[in-house]
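Novice: Chains as they are written, first to last, in the working numbering: chain A, 10 to 551; chain B, 32 to 365.
Note that these hints are calculated values from the structure, not bench results.
Where is the CB? At the ideal position from N, CA and C, for every residue including glycine.
Misleading hints may appear alongside valid ones.
One side of the interface only, derived from the structure: several residues of chain A facing chain B at Cβ under 10 Å [to be verified]:
hint, residue
1, S14
2, P169
3, R170
4, D194
5, W337
6, A397
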Amino acid sequence: MSSDSPWDQAILALRLLAIDPALGGITLRARAGPVRDGFLGSLAVLDCNLVKLHPAMTDDVLHGGLDLSATLAAGRVVQKQGLLQGPRPILLTMAERTPPGFAARLAAHLDAGGGPLIALDEGAAPDETLPPALQERLAFEVDLTGISRASAIAPKGKTPRPYPVLHTPAQLAQIVTTAAQCGIDSLRAPAFALAAAKAHAVLHGRTALSDADITAACTLTLAHRATQIPEAEPPAPVPETEPDAGEKTQNTDFDIPNEILLDAIRAMLPDDLLDRVAALRARTGKGNGTGAARKGNRRGRPLPSRAGRKGDDARIDLVATLRAAAPWQTIRRHDTGREGLHIRASDIRAKRFEERSDRLLIFAVDASGSAALARLAEAKGAVELLLAQAYARRDHVALISFRGTEAEVLLPPTRSLVQTKRRLASLPGGGGTPLAAGLQSALEQALQAQRRGLTPTICILTDGRANIARDGSANRVLAADDAQHMARTIRANGVDALVIDTGNRPAEALKSLSQTLKAPYLPLPRADANRLSAAVSDALGD
Amino acid sequence: MTQPFPFSAIVGQEEMKQAMILTAIDPSIGGVLVFGDRGTGKSTAVRALAALLPPIRAVKGCPVNSEKPGLVPEWAGLGSKRTAEKPTPVVDLPLGATEDRVTGALDIEKALAHGEKAFEPGLLARANRGYLYIDEVNLLEDHIVDLLLDVAQSGENVVEREGLSIRHPARFVLVGSGNPEEGELRPQLLDRFGLSVEVASPKDIDTRIEVIKRRDAYENDNAAFMLRWQAEDAAIRDRILKARKALKRLKTPEQTLRDVAELCLALGSDGLRGELTLLKAARAHAAFRDDTALTRGHVRAVAPMSLRHRLRRDPLDEAGSGTRVTRVVEDVLG
């Protein structure tokens, strides 16, 4: 029965959702256009009372709150109803721009029995999609981007009323096994598949699950969650299902040959499955990929205002201030006996803005004997030039030097150019090259900075002859190993880096280190500070 | 909404269930943080916790659940002095909660209608002597986190605004859940949680089938399902009550104190909170198992959940801090 065209899939998903709203919802990947409009027109099968949300809505719109104008007019408290009230279908537009906090609120609403949710995802790139926490709670995902023209007819027929549908233990086992074969970890997926299969059975007036129900449900709910192309042999031995009371025989064979079911899912696998998996992996390494947000009070995207003092240099949010003062007017007039508007310090609301995070350049400078001999002075000069540029761009800078047996943070992240220059000038040289220790110290700074909302980039200046291991012993092999290991960790943490070889001859070890870091490698034999800083600027993409 | 999924019906996830039971036995352990992948039953377990908690006695109508009439705050304006049993409060702190809603604020209704100042208690008041649950705790706004840290530290909520000067007790157990992929938790807040558990999806098919089976039964055959599992929940609740009594009689040998201290020293956990929590958790664990003496076995069983979130992060260790704790426990306790 299951038809292969995405449009039919979308309509089928919609009808199943109308039967069982507990399925959570549908993610619809499509650009605005006649196809999407056709689908939206079909939403009438759900209860008509559609709520429309967009990701920039504030909490008082979502959850309700005091209705100020009505309150003042009536002289008693009038609460405004929030949009998230009870089980009403929700339409979320521009879902790919949903911030995690908004997603969490919606997810909590869905968990509490709200919804279902239709998320309109207009994302272009595979990793531009709605937050995983929300995606996870929606049973279906349909991609309508490929379709040029929909046979856009509203789904006919009334929605049948749901009733209990029976399933056999073998059918249940098959659904769970199939989900596992697709590499789906979450247990919501098979739960959705079972519920969808039952809704499908209701749609066709059956009282027990049939093969068609399972196939249709699995293709609809599992295919887009797959993280691997399903293989026929199950990862675990064929499951033994406990015979329930009254069950006649233990059935270890599935009703449908497993191969057929998997074929059906394979047919529905998104073409860009591998890209998606890769994007997902990248995301786990790099946070959510939206760039760290930083809250300031001078510029950027406006956020809800907060109580603030007048003395602060924050900008005052006039409307919010008036709103905060409004309910007090009766009391204050009463207290003072004076007419007019009463505004007090505690009413003042300050504006807050969110801007893209600042960059932090962490310089890890090799001050060992070999480097000192070679070109510590030049490296210093280059760093100074870079500092000047960083200052112009309002970047933050941190300075780490490593020599002897350990690394030292000369300067924690700062914007103070003078301080940095002073520390740099007095940087002594000599001793071994504890490259791994330097990398570790840089990584620690980077992670701290990430937590504070900066975007760190590590800039390593060394001649690459690592000869001190992390435990402080002078062992070349171990030291190189440690450095490689550290580099892998930096990569895994998704911190950008840049390797500058200050040696007289390009060192092979450094090249492989930069490959591990996936960082640009700049060998600079006989380079002066000017060329060095130009190269760095290039590599950083300025 | 129907009743939450029963606690005892949760398949597997033993560590998470154990942590919840321990904090129910001895609330001074300081709450549970559940971190893990999506779809592993984190939220389900926390919501089910409420059914496990024995009821408390509180003054009727008291906004902060005071135990004795003398403790009822003045602003509550309460006439009655009768106490009554009520379920232990488990208060949900939604992500979008405003500062006013958390700490309490002026009662606008009274202000507008009668022109009088009155305090309307917030979520912290309701959570006094109970539990405060934050889902997706790592996404909580910074200023709310600061506020919670402050109150959790002092056990008292102080509201100073617009002529209101109110303080009331706010002692609660923090329970949080979250997905580490979506953001880290600040170390200061991390430290406020007594126990921390990491959950993952079950890997074998049989367990997974059982999960789906029970979920299906819960949704489609609710009455029979609840009947069956509520009895089990009641059994656990009785054991918790018994363990609370046993806890008072339980002796802590000198050797255990030494073990605990050595363990924390070897792990280099910051501060002494680690030791205290580990000891309390081990005692609760022993009491729950009906053992009369505290042994190394008890300490070993609860060491990972009490200590894993107190370690300094070692960027080179990919195995995760849980494994590190287990390794050190083996070294120290043999």
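Novice: Take the hints in turn and mark each one as holding or not.
Specialist: A quick look at each hint next to the structure:
Interface restraint check: S14(A) against chain B, minimum CB-CB distance 29 Å, threshold 10 Å, status violated. The closest approach between the C-beta of P169(A) and any C-beta of chain B is roughly 16 Å, which is over the 10 Å cut-off, so the hint fails. Interface hint at R170(A): violated, since its Cβ lies 15 Å from the closest Cβ of chain B, which is beyond the 10 Å cut-off. A least Cβ separation of about 4 Å between D194(A) and chain B falls short of the 10 Å threshold, and the interface hint therefore holds.
About 7 Å separates the beta-carbon of W337(A) from the nearest beta-carbon of chain B, less than 10 Å, and the hint is met. Interface hint status for A397(A): violated, as the beta-carbon distance to the closest one in chain B is roughly 31 Å, over 10 Å.
Violation of the numbered hints given earlier is confined to hints 1, 2, 3, 6; the remaining hints are satisfied by the structure.
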